[in-house]
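K.L.:
If you're matching them up, the sequences are chains C and B in order. Taking our numbering, the leading residue of the first sequence gets 883, the next gets one more, and so forth. Taking our numbering, the leading residue of the second sequence gets 14, the next gets one more, and so forth.
No lab work stands behind these hints, which were simulated from the structure alone. Just so you know, these numbers come straight off a predicted model, no measurement behind them. In this text, a Cβ means the ideal position worked out from N, Cα and C, and glycines have one as well. Treat the hints with caution; some may be incorrect.
[Unchecked claim] One side only, chain B facing chain C, incomplete, derived with CB under 10 Å: (1) Val-132; (2) Tyr-134; (3) Asn-138; (4) His-245; (5) Gln-246; (6) Ala-349; (7) Gly-357; (8) Gly-365; (9) Glu-379; (10) Tyr-382; (11) Leu-384; (12) Leu-394.
[Claimed, not checked] List time: in silico SDA-like cross-link candidates among lysine to any residue, alpha-carbon distance up to 25 Å: (13) B/Lys-393 to C/Gln-1162; (14) B/Lys-409 to C/Val-900; (15) C/Lys-1022 to B/Lys-122; (16) B/Lys-393 to C/Ile-958; (17) B/Lys-354 to C/Val-916; (18) C/Lys-898 to B/Ser-330; (19) C/Lys-1060 to B/Ser-330; (20) C/Lys-1151 to C/Gln-1162.
[To be verified] Some residues of chain B that are not near chain C, with every Cβ distance over 10 Å (derived): (21) Leu-293; (22) Val-320; (23) Asp-331; (24) Phe-360.
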Amino acid sequence: MWDYSEKVMEHYRNPKNVGEIENPSVVGEAGSLVCGDMLKLYLKINDNNVIEDAKFQTFGCGSAVASSSILTEMIIGKTIDEVKKITNKDIVDELGGLPPQKMHCSVMGQEALEDALKKLAPDGNDANAQNNTHDKIICKCFNVSENLLRKEIRENNLKTIDDVTNYVKAGGACGHCKNAIEGILNEELASKKELEEEISKLNPTQKILKINNVIETSIVPLLQKDGGDIEFIDYDNENNIVTVKLKGRCSACKNALLTLKNLVETTLKEHVDKNIQVKQG
Amino acid sequence: MEKIIYLDNNATTKVDEKVVEKMLPYFCKEYGNPSSTYTFGGNVQYKIIEARETLRDFIGASRVNEIIFTSCGTESANTAIKGVLTANKTKKHIITTKVEHACVLTLYKNLETQFGYKVDYLDVNSDGSLDLTPLENMVNDQTALVSCMAANNETGVIFPYEKLAEIVKTKNPNTKVFVDAVQAAGKIKLDVKNTQVDLMGISGHKIHAPKGIGALYIKSGTLLSPLLIGGHQEAGKRAGTENVPYIIGLAEACKLASDNLGDEATRVKQLRDTLEAGILKNVYNARLNTNVSNRVPNTTNIGFEYVEGELILLHLSDLGICASSGSACTSGSLDASHVLKAMGVPFTCLHGSIRFSLSRFTTNEEIDYTLKMLPQVINKLNNISPFQKELNDLKKLKA
């Protein structure tokens, strides 16, 4: 018996937005009948690039239906630019978690959405579309490509072959590709370790420069879009704490603390040091 | 959940209350160790001998000392397989079927990859029946062991193990034959003495005894190295203090199962057939995944095309109906059932196959309720499927 959250159960029992949209703007697809799960995502998009309606049809288990159902709820009323940022993690969070072996259901949701967006902008702006020409199928049973494998390994911090199988199903059937997966996994882990080692070698001054650089290039532009701003105040090397000051619209915002925690800290953790902490000056 | 309709008796069964009653005295009153010298323990020894006699009759063995008690079906299989291979180390060839239970298949995979054994696998036909044609040519002078099930757990199809043993022994009399009778016990009569089978395993919890007890038939004169080494119990073939209450319970369960074989072959079979026919009639995307006539009376396996099995089970579970699925998603593995794949079940219903397995406790009302609710569940789930066109075509075809 799977340990499904209340939310997952609610959504497979009474899924929302089931069915087809007549004359959809686009239909995104992921999975296949042979693989054991498949999702068709129908989108109706208006002239302002807002998703007016979304419906789905899913062949799959309880968590696949729940992932599809909640995804439609997450994207209705949002703009194309907004839904581009949705990852499988967001789907999982919205569902209140999924069992590890069921993570691939949330990935299927993300894939169908990506497929729809790719079909909307077929000119090759999408990074995946560009890479597809050099992409290689690693897992033939579930039709999983090398690019997708690398992307999921990085985004979800996957460490073992079992993790990979849980997220993208690769290696879950005949198992012939397990060696290939291991090779890719080792490469990704090695490059991640290299990056971490590089950062650990930085002296405090270099680290401050790096922090400042990440804030300037990755965070400031996002905040400025909403009329806000941020300033790097100090770095406490001993306790690994970065102090920043929110400015502009952000400084009066009740969500400021949340912004700090969520955005600044995650970005710095990802690019500089996974143990770094952020506080407001 | 208020009402449970339990149609998963091939997974495990309800312990019969009569079995529990027989077991109870052996926990707090007759708790002596059967190996002890004093009467208090020695009396228990007599009860175990009686239990062994019951098992002898149940399996159809010739002698009481051909029966040993184990902890479960898996232990019986491991004892039999590893036991005869270890006792005959020079022979490295094994033959089995593609559709054995995991407790046997995983062990063979392990013997192949870790211990240099060569394993050949017999195929099944599309109705789940065993194809014995290549067997004679497979057996050679290096063949240490051939094993097969008496009945398959997923389809209920009965395998011709008597015939299999005959072919094997004619070709190589030294090859041992092990039969996994876990799913056949209590459903059809076993009569091992009139076959050339050397070893046969059964499990208690599939026949209304508790979990944690099993038995193994070892034909007199069969060389076997024990899996558990220690004391002299079970004639040196399985060390460890006897699990007295459970052995008593297993014997009672075997008695009751023997008494109920008639009910199983008539009433239970009729209920199963009613359920099966009703589903096939009322659900247009249902398809029978098993042989119609040659199977145990309690099992059916039905595929629902373009719908996924776990989803069906979850919705049935909300109605209190318990069944199981050969779907990948239920087990946590991503691959669909090895049994249904070996049968070549079409991929349109490979992931949507449900096994219903009844028992002597199944009632008419339960089958009626299931027949009423199941078509509604499948209808609801058909509406979620991305294969609307295919489903519509099937609907027209059926009409």
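K.L.:
Does each hint fit the structure? Answer for all of them.
P.N.:
These are the hints, each one checked on the structure:
1. Val-132: 17 Å, violated
2. Tyr-134: Nearest chain C Cβ about 15 Å off; hint violated.
3. Asn-138: 22 Å, violated
4. His-245: 42 Å, violated
5. Gln-246: 36 Å, violated
6. Ala-349: 7 Å, holds
7. Gly-357: Cβ of B/Gly-357 sits 14 Å from chain C, so the hint is violated.
8. Gly-365: 9 Å, holds
9. Glu-379: Because about 21 Å separates B/Glu-379 from the closest Cβ in chain C, which is outside the 10 Å limit, the hint is violated.
10. Tyr-382: 19 Å, violated
11. Leu-384: Interface hint status for B/Leu-384: violated (22 Å vs cutoff 10 Å).
12. Leu-394: With Cβ-Cβ at 9 Å, under 10 Å, it holds.
13. B/Lys-393 to C/Gln-1162: Violated, at roughly 52 Å.
14. B/Lys-409 to C/Val-900: 23 Å, holds
15. C/Lys-1022 to B/Lys-122: Holds: C/Lys-1022 and B/Lys-122 sit about 22 Å apart, inside 25 Å.
16. B/Lys-393 to C/Ile-958: Holds. B/Lys-393 to C/Ile-958 sits at ~24 Å (cutoff 25 Å).
17. B/Lys-354 to C/Val-916: 12 Å, holds
18. C/Lys-898 to B/Ser-330: 21 Å, holds
19. C/Lys-1060 to B/Ser-330: Distance of about 35 Å is beyond 25 Å: violated.
20. C/Lys-1151 to C/Gln-1162: Roughly 16 Å between the alpha carbons, so the hint for C/Lys-1151 and C/Gln-1162 holds.
21. Leu-293: Holds: least Cβ distance 21 Å, greater than 10 Å.
22. Val-320: Violated, since 7 Å does not exceed 10 Å.
23. Asp-331: Incorrect as stated: the minimum Cβ-Cβ distance to chain C is 7 Å, not above 10 Å.
24. Phe-360: Non-interface label fails for B/Phe-360: nearest chain C Cβ at 5 Å, not farther than 10 Å.
Hints 1, 2, 3, 4, 5, 7, 9, 10, 11, 13, 19, 22, 23, 24, counting from the list given before, are not met by this structure.
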